[in-house]
Amino acid sequence: MADTIIAEDLVKTYRNGEVRALDGLNLSVPEGSVLGILGPNGAGKTTCVRVLSTLLTPDSGRATVAGIDVIKHPDQVREVIGLSGQYAAVDETLTGWDNLVMFGRLYHLGKKSAIARADELLEQFRLTDSAKRPIKTYSGGMRRRLDLAASLIVRPKVLFLDEPTTGLDPRGRIDMWNVISGLVSEGVTLLLTTQYLEEADQLADSIAVVDHGKVIARGTADELKDQIGGDRLEVSVHVDDMNVAAEVLARLGGEVHRDEGLHRLSIGVTNGSAVLTEAVRGLDAVGVKILDLALKRPSLDDVFLSLTGHAAEEEVQS
Amino acid sequence: MSVIHDGLIITKRQLLQLSRVPEVLIFSTIQPVMFVLLFRFVFGGSIETAGGDYVQFLMPGIFVQTVSFTLAGTAVGLAEDMTKGLIDRFRSLPIARSAVVLGRTLGDATLNVVVLLVMGVAGFVVGWRPTSGGLSIAAGFLLLLSFGYAMSWIGVFVGLSVRDSRAANGLVFIIVFPMTFLSNAFAPTSNMPTVLQYVAEWNPVSTMVAGCRELFGLPNVFGVTANSWPSQNPLEMSLIYMLIIMSVFVPFSIRKYMKASAR
Ligand SMILES: Nc1ncnc2c1ncn2[C@@H]1O[C@H](COP(=O)(O)OP(=O)(O)O)[C@@H](O)[C@H]1O
Ligand SMILES: [Mg+2]
Chain D
804 MADTIIAEDL VKTYRNGEVR ALDGLNLSVP EGSVLGILGP NGAGKTTCVR VLSTLLTPDS
864 GRATVAGIDV IKHPDQVREV IGLSGQYAAV DETLTGWDNL VMFGRLYHLG KKSAIARADE
924 LLEQFRLTDS AKRPIKTYSG GMRRRLDLAA SLIVRPKVLF LDEPTTGLDP RGRIDMWNVI
984 SGLVSEGVTL LLTTQYLEEA DQLADSIAVV DHGKVIARGT ADELKDQIGG DRLEVSVHVD
1044 DMNVAAEVLA RLGGEVHRDE GLHRLSIGVT NGSAVLTEAV RGLDAVGVKI LDLALKRPSL
1104 DDVFLSLTGH AAEEEVQS
Chain U
14 MSVIHDGLII TKRQLLQLSR VPEVLIFSTI QPVMFVLLFR FVFGGSIETA GGDYVQFLMP
74 GIFVQTVSFT LAGTAVGLAE DMTKGLIDRF RSLPIARSAV VLGRTLGDAT LNVVVLLVMG
134 VAGFVVGWRP TSGGLSIAAG FLLLLSFGYA MSWIGVFVGL SVRDSRAANG LVFIIVFPMT
194 FLSNAFAPTS NMPTVLQYVA EWNPVSTMVA GCRELFGLPN VFGVTANSWP SQNPLEMSLI
254 YMLIIMSVFV PFSIRKYMKA SAR
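For the record, the sequence lines run as chains D and U. No gaps in the numbering here: position 155 of the first sequence is 958 in the numbering used here, and each next residue is one more. No gaps in the numbering here: position 230 of the second sequence is 243 in the numbering used here, and each next residue is one more.
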């Protein structure tokens, strides 16, 4: 299938090149799929979204959305995209209904269609009860939902969501996930950014890990996990058994990692369940009592740590 | 035309805001009315003016001062839209590039119509009686609205550049307040030190005020600058100022809008 979003070698610098917000960023999103851009604060996620949604002109590089050049024909790109930025961008003194009708009119819907579409979206996003209240009185989650609704007025083919759940409580987040999953099942091409590994795992077909303005890894959540060496087998034993157990495990796989404090040993394994049975047998044969045994898939946090050398949610000094 | 259509939707949004938060409209009319009353009754007795009592002299001055502050209104409004991310959203929509700023300036012009009307009535109540004909008076108000509109376009530039509503407000005050006082708005320039008289002579606020006095049927009195071109032709000079402001700030502001960014 054709790629709906393509970015090639995007560069955007600030302060005379001191800050390289985008440093040769490449990505592509096939039609109808969801790409999650995952990266810590300051990685360049927002800058990337702003370039693709025509708000920012890159210093160099090329990008197309739905086959249209973002830099040469921004007006045409705006006809096919929806954008929901990192912070809810709605008029707080107006009501939710006012906002949606206004945006509908700005999308050149007639008065009647704008009203009909506003009512429909308010219903879809469970905001009908608060439709006539000023946005000021909305919760964070409601604001985000209204903001998302505003970007869906003309049913865009391509949708950009910049950190759609940042700042929401767990309930609001799960709410938002459901809303987004619903959109995706309607066939929209979605690019979303997030700092939450779990979120990318949950919503995206494919993940691009971004750090310092570059994509440093790309794949499905499973592929990324495999990149850092598959599963780990963790065995907890009595403190006196540590050395014996380590010898047994060393025969099964590569390097044995010892955690003396927790009396835990671990090895990287590729064929997890087979090794698991072997380990149990081997340890049993030498008389080591197993206190705890687990086969762990690495989390995306582990992936991030091993790719970048720093944790995903760590603040980058600005 | 889609620019006008889109612009008017933005204007309508602003009027809707005013109806949702009526305090804004109330305060933006109370303030100039308060000025009318304060100057009329506090300074009225102590400032000597030619051609009638102080209130005749004062009203054009306060009108011009008030419309000058449209600069602040526009700047603050746009700076707020900027920080709230609304400008980003507008810029991601398929609308004409000038629509948002056009709509905002038209909204502020509409607000000026209301404010001038209320001030006119307040002035009338405390004794303001323009003596020229209806047509001249109408022309005077049109001149005031046009000047307010030109100031509004400077406000667009300031608001989009400063990007913070408090900073925008502060900046405008330190520019506009001295401008309105270094002029003939509240007292004749003939009592100022000579150097200041020359400054006031070229001040657009002075030429506007002198132009309005002329249109409202009041003679203008100048000191050392009485024979200068701006003093002799305040209306023409005011129109030239507006033309300059518009031809600089309309293109600049639209460019600024296109590149605007919330950070
Ligand atoms: N307008 C700007 N001026 C200066 N630096 C900026 C500007 N916008 C972004 N940056 C810098 O560019 C980098 C990337 O920012 P951003 O794209 O917002 O990251 P993210 O959205 O991933 O947190 C950061 O170091 C940020 O400080
Ligand atoms: Mg961001």
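It is worth saying that the hints were derived from the structure and are not from the lab. A few of these clues could be false.
Unchecked claim - Just the calculated beta-carbon pair ranges, DEER-fashion:
(1) D:Lys875 - U:Pro264: 31 to 39 Å
(2) D:Ile874 - U:Phe40: 57 to 65 Å
(3) D:Gln1005 - U:Gln44: 52 to 60 Å
(4) U:Leu28 - D:Asp972: 31 to 39 Å
All C-beta atoms, glycine included, are put in the ideal place defined by N, C-alpha and C.
Exercise for the section: Could you see if the CB distance from D:Gln1005 to U:Gln44 stays within 52 to 60 Å? Expected result: Given a distance of about 53 Å, which is inside 52 to 60 Å, the answer is holds.
Handout entry: Range hint 57 to 65 Å (beta carbons of D:Ile874 and U:Phe40) holds or violated
Key = 44 Å, violated
Problem - Beta-carbon spacing of U:Leu28 to D:Asp972 - inside the hinted bounds 31 to 39 Å or not - result: 36 Å, holds
Practice task
With 31 to 39 Å as the target window, see if D:Lys875 and U:Pro264 comply at their CB atoms.
Solution key: At 22 Å between Cβs, range violated.
Checked against the numbered hints above, the structure violates hints 1 and 2; every other hint is satisfied.
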